[in-house]
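Q: Residue-level listing of the chains:
Number of protein chains: 2
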Amino acid sequence: MNQSNPMPGLLHDDHVLHRISEELAAKFDGVFSPEMVDRYVFESYTALARTARIKTYLTSITRHFALDRLNALAHSQGIRPSGVPEVLFVCVQNAGRSQMAAGLLRLHASDRINVRSAGSLPAEHLNDNVVASMKELGIDLRQEFPKPLTDDVVRAADVVITMGCGDTCPIYPGKRYEDWHIEDPADLPLSEVGRVRDELDGRIKRLVGELL
Amino acid sequence: MNQSNPMPGLLHDDHVLHRISEELAAKFDGVFSPEMVDRYVFESYTALARTARIKTYLTSITRHFALDRLNALAHSQGIRPSGVPEVLFVCVQNAGRSQMAAGLLRLHASDRINVRSAGSLPAEHLNDNVVASMKELGIDLRQEFPKPLTDDVVRAADVVITMGCGDTCPIYPGKRYEDWHIEDPADLPLSEVGRVRDELDGRIKRLVGELL
Numbered sequence: 787m788n789q790s791n792p793m794p795g796l797l798h799d800d801h802v803l804h805r806i807s808e809e810l811a812a813k814f815d816g817v818f819s820p821e822m823v824d825r826y827v828f829e830s831y832t833a834l835a836r837t838a839r840i841k842t843y844l845t846s847i848t849r850h851f852a853l854d855r856l857n858a859l860a861h862s863q864g865i866r867p868s869g870v871p872e873v874l875f876v877c878v879q880n881a882g883r884s885q886m887a888a889g890l891l892r893l894h895a896s897d898r899i900n901v902r903s904a905g906s907l908p909a910e911h912l913n914d915n916v917v918a919s920m921k922e923l924g925i926d927l928r929q930e931f932p933k934p935l936t937d938d939v940v941r942a943a944d945v946v947i948t949m950g951c952g953d954t955c956p957i958y959p960g961k962r963y964e965d966w967h968i969e970d971p972a973d974l975p976l977s978e979v980g981r982v983r984d985e986l987d988g989r990i991k992r993l994v995g996e997l998l
Numbered sequence: 787m788n789q790s791n792p793m794p795g796l797l798h799d800d801h802v803l804h805r806i807s808e809e810l811a812a813k814f815d816g817v818f819s820p821e822m823v824d825r826y827v828f829e830s831y832t833a834l835a836r837t838a839r840i841k842t843y844l845t846s847i848t849r850h851f852a853l854d855r856l857n858a859l860a861h862s863q864g865i866r867p868s869g870v871p872e873v874l875f876v877c878v879q880n881a882g883r884s885q886m887a888a889g890l891l892r893l894h895a896s897d898r899i900n901v902r903s904a905g906s907l908p909a910e911h912l913n914d915n916v917v918a919s920m921k922e923l924g925i926d927l928r929q930e931f932p933k934p935l936t937d938d939v940v941r942a943a944d945v946v947i948t949m950g951c952g953d954t955c956p957i958y959p960g961k962r963y964e965d966w967h968i969e970d971p972a973d974l975p976l977s978e979v980g981r982v983r984d985e986l987d988g989r990i991k992r993l994v995g996e997l998l
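Protein chains in written order, with the working numbering: chain C, 787 to 998; chain G, 787 to 998.
Just so you know, the hints here were simulated from the structure itself, not pulled from any lab data.
One or more of the hints may lead you astray.
If chains are identical, the list can't say which one is meant, so a pair holds when it fits in one copy or spans any two.
What the hints assert, rightly or not - List of simulated lysine to aspartate or glutamate pairs, DMTMM-like, C-alpha gap at most 25 Å:
(1) K961 - E821
(2) K921 - E910
(3) K961 - D799
(4) K991 - D970
(5) K813 - D973
(6) K841 - E922
(7) K991 - E922
(8) K841 - E964
(9) K841 - D799
(10) K813 - D970
(11) K991 - E809
(12) K921 - D987
(13) K961 - D800
(14) K841 - D965
(15) K921 - E808
Bear in mind the structure is a predicted one, so any value in this text is a computation, not a measurement.
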């Protein structure tokens, strides 16, 4: 049998993840138990590690993802309501459309709306032309990453907007739910991605007007 | 904007999931908090719903998956040790090789070894020829389903065996870890799948001999 050694990098990650877990447990003291926060951190890491191609920033991405999920959960349970409308964009890969939509909503609504995005089958990384196209508007998506759709973020959302993910998106009763028909920018040239972006931009502006 | 109604089926699922959550919370009373069991049930459901094509048995599959993950977690924390070696098989789709390996190990070791399988990118369903090929040995895989790799099952494993998932499998220190070079049965005709199965069978028998 082909015996291999454990990858040394993961020894290091385990240590970092425990530190993140302790930090977030303190943040959610009295809200969630330390054991639950710990599970959120370690399962978020594994969920991202399954699909992420570049592992370099995986622990800081994990911290960001786990923190956002815990905030979503606290909000959905009415423990720490955000006080602003919460919007979730979902597409298949969370590499193009849902990332653009989230970036545009942040641009137009700033902190008056809380926005998240996720994918039913997250890609390894964001689409390069999507990142370039958003940069033309001054929106920096280089720190964003494809995230799997989780129960907590769906429950936290007041508005769920799906784009091309068919029936793989679980929809909860009582939500405002929309399915937008937006062309998939994957494999489109930069100029065409700009056209998709501008179409999305019009919809996002209307959504912001309706929510605020 | 294209306004749709929530899918009625999910109202029903939500109700069933709450019942599953209560049942499992009672099973793990004094081990895990009801809130944590609840998260395990609902996140397991969403994780499976992301990729499963057939949604008919999703709640009973969810119960099975969440229960197995909670058992894995309790074992890994030394709270409820299983008392037998725990083996985890991982491939990309959890639709072929890792399912065959798990089925063969169950055949040869029965309850003397605890076995799990998972995928880094779970498929929509098991490979038909894999199910047929295993049936030739009297092993019924029709109740099995592709599951995403989670942190809890990796931590519970004494032996992790990967097949073709490259560096997407997180490996924890202190585990026995092997990478098996086994041909991917996807798209192979039934006779060739039988050859792959028999090669796996030889390795599984050796593994059982070593572990028991």
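Q: For the identical chains here, do K841 and D965 meet the 25 Å Cα criterion within one copy, between copies, both, or neither?
A: Between copies only: 20 Å across chains, 33 Å inside a chain, cut-off 25 Å.
Q: Indicate which option fits the pair K813, D973 if close means a Cα-Cα distance not exceeding 25 Å: within, between, both or neither.
A: This pair counts as neither: shortest intra-copy Cα distance 41 Å, inter-copy 49 Å.
Q: 25 Å Cα cut-off: does K991 pair with E922 within a copy, between copies, both or neither?
A: Classified as within; 18 Å inside a copy, 59 Å across copies.
Q: Given identical chains, is K991 near E809, meaning Cα to Cα at most 25 Å, within a copy, between copies, both, or neither?
A: Neither: 37 Å inside a chain and 45 Å across chains, both beyond 25 Å.
Q: Within a copy, between copies, both or neither: which one fits K813 and D970 at a CA-CA cutoff of 25 Å?
A: neither (38 Å within a copy, 45 Å between copies)
Q: Is it within, between, both, or neither for K921 and E910, if the alpha carbons may be no more than 25 Å apart?
A: Result: close within a single copy only, 20 Å intra versus 36 Å inter.
Q: Are the CA atoms of K921 and D987 at most 25 Å apart within a copy, between copies, both, or neither?
A: within (14 Å within a copy, 54 Å between copies)
Q: Have a look at K841 and E964 and pick one of within, between, both or neither, based on CA distance no larger than 25 Å.
A: between (34 Å within a copy, 21 Å between copies)
Q: I want to check one pair: K961 and D800. Are their C-alpha atoms no more than 25 Å apart within a copy, between two copies, both, or neither?
A: Cα proximity of K961 and D800: across copies only (14 Å, versus 37 Å in one copy).
Q: Under a CA distance limit of 25 Å, which applies to K961 and D799: within one copy, between copies, both, or neither?
A: between (37 Å within a copy, 16 Å between copies)
Q: Checking an output row: K961 and E821, CA cutoff 25 Å. Within, between, both or neither?
A: between (30 Å within a copy, 23 Å between copies)
Q: Are the CA atoms of K991 and D970 at most 25 Å apart within a copy, between copies, both, or neither?
A: Within. Shortest intra-copy distance 20 Å satisfies the 25 Å Cα cut-off; inter-copy 48 Å does not.
Checked against the numbered hints above, the structure breaks hints 5, 6, 10, 11 and 15 and satisfies the rest.
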